Every structure is written in structure tokens, then in C-alpha cells.
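Asker: Protein chains in written order, with the working numbering: chain A, 3 to 622; chain B, 27 to 535.
I should point out that these hints are in silico values taken from the structure, not numbers from a laboratory.
Watch out, some of these pointers could steer you wrong.
What the hints assert, rightly or not - Distance ranges between label pairs, derived from CB positions:
| hint | chain 1 | residue 1 | chain 2 | residue 2 | range |
| --- | --- | --- | --- | --- | --- |
| 1 | B | 495 | A | 168 | 33 to 43 Å |
| 2 | A | 40 | B | 479 | 37 to 47 Å |
| 3 | B | 307 | A | 219 | 26 to 36 Å |
| 4 | B | 36 | A | 219 | 56 to 66 Å |
Stated by the list, open to error - Below 25 Å or equal to it, Euclidean Cα-Cα: the simulated DSS-like pairs (lysine-lysine) are:
| hint | chain 1 | residue 1 | chain 2 | residue 2 |
| --- | --- | --- | --- | --- |
| 5 | B | 129 | A | 163 |
| 6 | A | 375 | A | 111 |
| 7 | A | 111 | A | 163 |
| 8 | B | 514 | A | 31 |
| 9 | A | 31 | B | 483 |
| 10 | A | 172 | B | 477 |
| 11 | B | 514 | A | 67 |
| 12 | B | 519 | A | 76 |
| 13 | B | 477 | A | 167 |
| 14 | A | 111 | B | 477 |
| 15 | B | 514 | A | 76 |
Note that the coordinates shown come from a computational prediction; the quantities given were computed from them, not determined experimentally.
Ideal Cβ positions, reconstructed from N, Cα and C, are used throughout, including at glycine.
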Amino acid sequence: MMFTWAWVLPLFPLIAFVLLIALRDVIEKRLAVALSLIGIGVSFGFAVYLAWIGVFQQSVIQTAKYQWFSIGGKPLYLDFMLEPLNIVMVFLVSLVSLLVQIYSMGYMKDDARIITFYAYLSLFTSSMLGLVISANLLQIYFFWELVGLCSFLLVGFWYFKPEAKEAAKKAFIVTRIGDIGLLIAIFMIFQKVGSFDLRVIQDAVGSGVLTGGALTTVAILIFVGAVGKSGQFPLHTWLPDAMEGPTPVSALIHAATMVAAGVYLVGNLFFLFAGSEVALTTVAYIGGFTALFAATIAVTQNDIKRVLAYSTVSQLGFMMLGMGVGSVYASSFHLLTHGFFKALLFLAAGAVIVALHHEQDIRKMGGLWKHSKWLSIPFLIGCLSIAGIPPFSGFFSKDEILYAIQLSGKKDLLVIALLTTFFTAFYMFRLFYLVFAKKSREKHEVHSIPWSMKVSLAVLAVCSIVGGFFSFPTTNLSAETITHITKLPGHAPLWLNGSAVGASLLGILLATFLYVWRQGSAEGLAKRLSWLYQVSYRKYWIDELYQVVFVSSLKVVAWFLNGFDRFVVGGIVRFVGWGTMSIGRLGSMMQNGQNQTYVLVSLIAFLILFVSLVFGRLIG
Amino acid sequence: MMNKVFEQIEWSLLTPETTIIAGIVLLLLTDLVLPASISRRWFGFIGLASILGSLAFVVSQLPLKPAEILFGTYRLDPMSLVFKLLFLTATALILLVAMDRKKGDKTDRYIAEEYILMLSALLGAMFLASSVDVITLFIGLELLSISSYILVGMRKHERLSTEAGWKYVIYGGVSSAFFLYGYSFLYGLSGTTNLFTLGQSLAEVVQSTQSDLFIVASLCLMLVGFAFKISLAPFHMWAPDVYQGASSPVASFLAVVSKAAGILFLIRFLLIGMYPLLRSEVWGENIMWALAILAAVSMIVGNTVALRQQNVKRILAYSGIAQAGYLFIIFPSLQSNLIFVSVGFYLVVYMLMTIGAFAIVHVVSKDTGNEELTSFDGLVRRSPGLAIAMTLFLFSLAGIPLTAGFIGKVNLSLNTFASGQMWLLISTLLVTTVISYYYYFRIVQRMFVEKATSDQKVPISFFSALTILVVVLGTIGFGIMPDLLLSKLETVKWGYGLIPLEGIQQLKN
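So here's chain A without its partners, still in its complex pose:
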């Protein structure tokens, strides 16, 4: 079937953004929010329609393309694609965005800049929707950057907090490092293949134009881009800091937009990875390492949002691991279910924070279970889901990944995955018990939460429960598809299911033991294992390391060059001027000691140029 309207998907939120920004001083708050909701609502409507056709009826959806501009005589198209992976992403992005916007009606209602907030949210959704339907690398890069920009705006939304300012900057710059990788990869592909079109590139890979070392390099560079966006080790440091943004933004970034982009990119360009064993192995091990590494950090964090942030890093690593062992299906499925339960957890955490007057330290919480069932039940559902307890959605998708790992025969990765499962269950239930069980450690008067927040939580809770039963689209629709998403043959063996659930239960049990039955023994344990605790609590000192290695060294270069202008060259001048006082005197008359320096620098540069060219010629 033909659907030439693909471009309307990002269009409506974009219109909402433009309207909101243009009219933000005149328009009434409620109207602005309504406009924004309409924009995303229309996109969501389209997404449901597309999901119905493309996923349930499994028909191929054709799209139209439009000429954009040409580079060196080669035309470049605005091109879209709506294959199952794209449709699932569209669905996830628009659903979560819609719910986050509904939720924000309650969460942000007292914020003076709520209209700007909604405008940014709309732009964020719009660029993410544009990203997931693009069929052209340059176009993907456009939206990719735009997504990064929006997350910068939203993370730094509360700009009056210095931490938010720093976090926004960090998010922008760190992800940019990954983007260089992506951009170089795009250039390399264009040089080899002569096109940005994904279908053409896929053909080129198929016909052997792009193979061997070049293919490996390209794939790894693209993965570098994904590492930046999806917060994989070693570029994960921005993601936990991005918590400084308003909580609905965190939900959006962590569940559906920003970080999902990296995993989506790898899935969408999987044909590049499939041809290179080295690239796949890199993806698998980086993913696996990140999964375990972040899970161990999450164990000791005390800020409710930080625990969730590290759990996102860990889960994204899990998805990358799935990609690396060759299953786009399993990872995309997990991306979907993770989108549901992570959005749920974040929104619930936001509600907790609101209920407790903006308290985020879990050591000061407790006893919320009795106060608000609207909060605690969804949160519990989220915890069970992420821990992978059947029949919650996380169980099914995690199971697929584990099965894929098992099929690939990499035993070490399977161990890592199971360990991650154990840690995940442990820190999630540590969080749950500290926040909801027992009595409050500090007296708080608990706020009631508004209906808009309840609605979003309820919808996401339902999705988190039933999400696993929707088997993700299994496709062998036509040869033209790029994302060959095929389900793995058969089912995971029972022992694998058993050990996964067992690992989770063990984690939950340990958490229950430490935080419910033997309250206080956790501190004792932390003391006994103090260096381990420190390593985890300090997040392996990665941030500090970066500060020293990168930031400082860049400062040194700038300092050096600046100093070079002033002191080294100036020093030479002073030395020369020792003999030629007249130059110095002229300089002081002009009240600057600099211009002769400048000319001297050119002279030296000229001499270098001259000597290297002319004498190089003579000798050569």
C-alpha cells in the first residue's frame, strides 16, 4: 500500500512548536498545552493507523520521495521509509510523548515557562519522529543533531540551577563526540557508494562494493555515534547528569527519544554490521560491558532518578548486546518494552518527587505504599517488568535477548547478561523498598497527585503488563526491506528461562533480605566491602578521569597557544629587541608591544614555508 504522507508524522508537532514559540507571550497556558497535545495526538493517530496496517495486517507500506538538493551533480532525496521497525518506533515515540505531555500538565502546572516547555517537547517529538522514518543518511543526521539539540534545551530547562546548566552542556558536547564518528562514517559511505540512500547502500553492501576493512570501519564509526547517543561506555557520563532536567523530560529522553536513537540506528543500519564479524563483536562486548558496569553503579546510588538513569544505561547496553549477537528482533522488542516500563518508572518517580516536596534522596523516603496506591502499584509493575518477572513485558523481551546470546554460543556474554539481570532486580527492589516499604525516615506531608499524572501512569502500567504479549512484527515481507527483522527460530529452552527468572528472584530476595527483614544490615555490608562500595558509588571515577584527560588537556592547548602568542613569541621579540631598542621604543610609543610580534610570526611562518618548499625542492 502507498502512504505518501509519511512526512506529516513529524509535521504536526513541528507546527505546534512553531505556534507555541511564536505566540508564547499572547496565548493562554491552557490553549498552548491543548495545541501541543493536538499536534502530538494527530501524530499518534497516524502511528496507530500505520501500526494497524504495517504490523497487524503486515502489508508493505510504500512512501514517496522528494528531491532536496544535489551535491556534485548527484541528486539527494528527502526520503522516508515505513518498515516494521520504523512503525514500531513511530508508535513508541508518539505514545510516550503523548503520555509525557499529558503527565506534564500536572507536573509542570506551576512553572511560569510551561509554554516554552511544551514547545520544546513538541520539537523533541517532531525531530525524533523525523529520525525514525528517514531513509537517507544525511537526513538521519539532520534529525539526529536536532534530537541532541532538543535534549540540550530540555535538560537545561531549569537553567537557573547551575547543575542543570552543566548537565545540558555535558549532554551536548559528549554526544557530539560520538557524532563525529557518525559523520565520518556517513562521509566514508558517500565516498565509497556515492549515495546517502539506505537502499542503495544496502545494495552496495550486498554486491560487494562496500566490504572488508572499509565496512568494518564504517560500522564501528556508526556504532561510535550510537554509543554517544545511547549512553554506552565510555560516553555514558552525560546520561545520569541529564537527570537535572524536569522529570517528564527524563522519561522522554530515557524511554522514547534521545537514547533510543542510538539503538534504533544500529538496528536500522544492521546490514552494515551484519557483514562484519569484528563490528558485531565490538557491539556485543561494549553492550555487555556497559550493561553490567552500569548495573553495578546503580546499586549504590541514592538519588531516585540517578538509579533509574544508570538502569537505563544498563538496559541500553543489554539491547546493544542483543544487536551484537545478531538479533535486531530481540533488541527492538526490548527497546519497545523498555520504553513502556522505563517511562512508567520515571513518571512514577516524578510523582514520588512531587508527593514528597521535591525530595530525591531515597534514604529519606519510605512508607509511601500506604499513602498512594496510584503511585506504588504502577511503580511495582515497572520494577517487576524491568526485573524480568513473568508475565510482565520485560520478561519476554529480555528472554529473547538471552536466547539470542545463547544461540550465538558466546558463554561469557550469557554470564554477563545473567549477572546484569541479578543486579537489575537487586537495585530496582532496593529502590522500591526504600521508597515504598516500612515507615518514612523523615516526616513528610504527602501531596496528592493530579489526575493527569494518574492517567499516564495507568496507561503505561497497562502497556508494561501486556506489552510482552504483542509479539513484535516478524517480517519477511519483501526483499526490499532494510531491517530484516525476523524472529528467532523456536523458543528459549526452559533452563534459560529458569535461570533468568532465578537470577532476578535472587536479586529481589537479596534486596528484601537487606532492606526489609534486616534493616540496617545494608550499611554494614557497605562498610565491610567499603572499597567496592566506593568504586561503585563514585561511578568508577570515570567523570574525574575525563575531567583530567580531556577537558584539562584542551585547556592546556588553548592556554599554550594563547601563551605562545604572548610569551614565547613575545619573549623572542624582547630578546631581539634587546639589540634593536628602536623597535621596542616605537612599540611603547604606540602603546602596544604586539604588532611587531604579529609580523614576526608571519615572518617566521613564511620562513618555514619557504625553507620547506624551496629547499625541499633543491634537495629533492
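Go by the hints and put chain B onto chain A.
Answerer: Then chain B, alone, in the frame of chain A:
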């Protein structure tokens, strides 16, 4: 005899230049005749009118066949016309910004001089654009330079301005001397100033003596002159001081028109006069690398030193040095025909974003009295439109998608890619681009994050606002629909600017 020659010359080809001269004369006379008590603020309109008139003439010349007058020194070809369009548009926009003046500005007394000098600098650039003879090229360049020296030192009451003017004169003089000294060798070898004959006789020299030593040596010397004009590191050191001392419109004039003129000069000189070098192996072995290193050093120095600056104009100056480096990455692979489209596109884009950024600096600094970073604090809460526009320009300079700067950079890199193995340059471009995010962002952060020093709107004249609107539209428009410009540039017959008239006629037959 002389009369006959004069009659044969098609003077109509000179209409664009004559219109500018007419504007200058008119300004001079009006200034002389008008009593001192009458405000001269409206003088800008005379300048604007002559620029628009000239622009109209250039547009009317677009369909004309290539032609030469004044014994082959003045030339009408697609390349010169395109560059004249660029110069005229840029100067018109800058003039609009310059007309936005503070009440009781101390420079109001020399307002006529300021506009006259701007026009004469423009005239120099236009002459340069039409020249294929070293003498007229040089005269055009000097007319441009000397006018700019004075423009920079125009704000006599400010120490920084006088200082900058002086520095610029001295540095410019030294660079011109380098250029002329270099050229004297070539003149010794060839005995001609015409670029086409120069190319031919150099080829003969190389063939007969089997040595290109002197040519390479003189190119080295002349590169100093070119690099100064284009502000390539390490010949850039005048730029930050001069930009800081000059008024913002003048700084943007230097950054745009002066730089573009230098690039045009270099293109013509290398591709016509140095043509035999391009084909010899010395190009690939040595000169290509020398140019590549100039580009790389510019990107590195511009982008890193900018990190430490506190003055927005100095930041923009260093950013301009880096931008020159970006533009220059394509020069090592000069053989390719693609460079004109890329360079042309980038120059237009660069013009838009630079004029825009400087216009906003002008407007803001007029209000706050300085150009320090702090004067941008909380701009979004004072004048959200200005802050958003500035963000757009900075993003475009940084090369972030959806802005024209991104397309320009991609285009440059891809064409460099296509024509040579300049991996190192592309990598330098990408890495330094990321570094540049940092200082562009500092300005954005100031505007959006810091507390405003006052809650008053920044006053802005209609004409500045118009300029900013135009360049905003251009920056976004060419960022989203680059084909509007790219397709036009692709149809320009750039090659006609590089071959003698007879050659063109032969091509047509």
C-alpha cells in the same frame, strides 16, 4: 589615436563601477555643500541607492557574453559577476546595519567619510573581481585595503580603534610588500603582468630550464599576502585586534568582503597565472601540502584560541580564522571543477551568518557600551528575537544541521573527499568543529541562561532589523532548501573566468 581607442571601448561594461563612483562623488559634494548643522544620518541612503543601482547593472550584465576592455585588464565573465553580486549584497546589508547609530555618536561628524570609504573599498573589491592583470588586481586590492585601514581607525576617540587602524596598516603594508616582492620574481621570469600570458611564459620557463624553483619561491612570498587578506593562520594575528577595534559593521565588512576578495584573487592567480604549476608534480608533492597545512593550522588555532576569549568580536574574529580554514580545505585539491560551487556556496552562507552575527553584536553593544560576553547576559529575556537570531547564526557558524552552515560544510568536505585523499584535513575539520561548539555555546548559554542586566528591550532600528531578518531567512532557507542556491551556482560557467577570451570563443564554436 587615443581618441579612437577610447571610442572603441565598451564603456557600458563599467556601469556597475561607475554607479558606485557616482555615489561617492555625490556623497562628497553633498557633504561639502551641506551646512554642518544639518544631520548627515540620511547619507546612508545615497550609498544604498548607488549600491542597489550597481546591483541592478550587474544583474543586467548576467546574460552578457564574456568580454574584455581596457586592453585585457578589465574583464566581464561569470566569475567576476558572481563575486560582484556577493560584494554588493554584503555591502548593502552591512550599510543597513551601519545606519543604525546611537544618538549623538561621536563619529557622526565623519559619517560621510565612513560611507564614502565603504563604497571605495567596495569599488576596489569590484575592480579586483574584474581583473586578470596583476597591476589592476593589485590596485583593486590596495584600494580595498587602504579604505579599510581608515575605516578601522575611524573611531578616533577610542584608543582601541586607532591602535587597530595602525596595526592593520603596518601588517597590511608588510603583507603587500611580501606579495610584490614575490611577484617581482615572476615578472623577471615572464616580463608580463597579464595573468594569461604569465601562465604561458611560466610554462615555457619551466620547460626550458627544467626548474620551477623561482616560481615556488615567489608563490611562497605571495602566499603571505593572500593569507593575510584571507586571515589564515599563522598570518592571522592582526584579525582579532583589528576586529575588536573596528566598529562591528566595518569588522563584518573585513570578514566578508575583504576575505572573499582575497579568495577570488588567489583563485585567479593560482588557476591562471600559476597554471603550469598545477599540472607539475611539485603541486602534488609540496604546494598542496603547504596549503593543506595552512588550512589545518587555521582551523586549530582559530578554534582553540577562541576558547579563551571574553570579547564577542574577538571570538568572531577567531571563528572567522577557523572559517577561512574550513573554506581552504578545498584548495589543495584545486584541479577539481567542483570547488567553485562549494566555495561559492560557502562564501554566500558565510556572508549571511557573519553579517548577521556582527549585526547583532552591533545592536547589543550599542546598548551596553561594550562587546564583552557579559553584555549578552540574558538577552533572551530582553529581546527574544535577537537572541534566537544570534543562536541561529552561531549554530550556522558551528555547522549544526538545519542551518546553511551545515550544508556548506558538508558540501566542502564531500567535494574535498571526492577529489583527493585529504583525510587529515577532513578529520581536523570535524574535530575542531566539535571544539568550536564549546565557544559558540558559551555565547548561547550567556543569552539563555544568565540573568539579564536590565529588563529593557534592546533598541534596534528598522534597518538593522531588516538586515537581520534577511540573513535569518537566508540562513534557514539555504539550510533547508540548499538547492535554491546550489542549482544556480551549478549553472554558472565558472570555467570562463579562467581561460582567455579567444579560448571561450573557440569553445563556443
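Asker: The structure should be examined with respect to each hint, and the outcome stated for every one.
Answerer: Cross-check of the supplied hints:
{"no.": "1", "hint": "B/495 <-> A/168: 33 to 43 Å", "result": "holds (34 Å)"}
{"no.": "2", "hint": "A/40 <-> B/479: 37 to 47 Å", "result": "holds (39 Å)"}
{"no.": "3", "hint": "B/307 <-> A/219: 26 to 36 Å", "result": "holds (30 Å)"}
{"no.": "4", "hint": "B/36 <-> A/219: 56 to 66 Å", "result": "holds (58 Å)"}
{"no.": "5", "hint": "B/129 <-> A/163", "result": "violated (39 Å)"}
{"no.": "6", "hint": "A/375 <-> A/111", "result": "holds (23 Å)"}
{"no.": "7", "hint": "A/111 <-> A/163", "result": "holds (19 Å)"}
{"no.": "8", "hint": "B/514 <-> A/31", "result": "violated (45 Å)"}
{"no.": "9", "hint": "A/31 <-> B/483", "result": "holds (24 Å)"}
{"no.": "10", "hint": "A/172 <-> B/477", "result": "holds (21 Å)"}
{"no.": "11", "hint": "B/514 <-> A/67", "result": "holds (22 Å)"}
{"no.": "12", "hint": "B/519 <-> A/76", "result": "holds (18 Å)"}
{"no.": "13", "hint": "B/477 <-> A/167", "result": "holds (13 Å)"}
{"no.": "14", "hint": "A/111 <-> B/477", "result": "holds (23 Å)"}
{"no.": "15", "hint": "B/514 <-> A/76", "result": "holds (15 Å)"}
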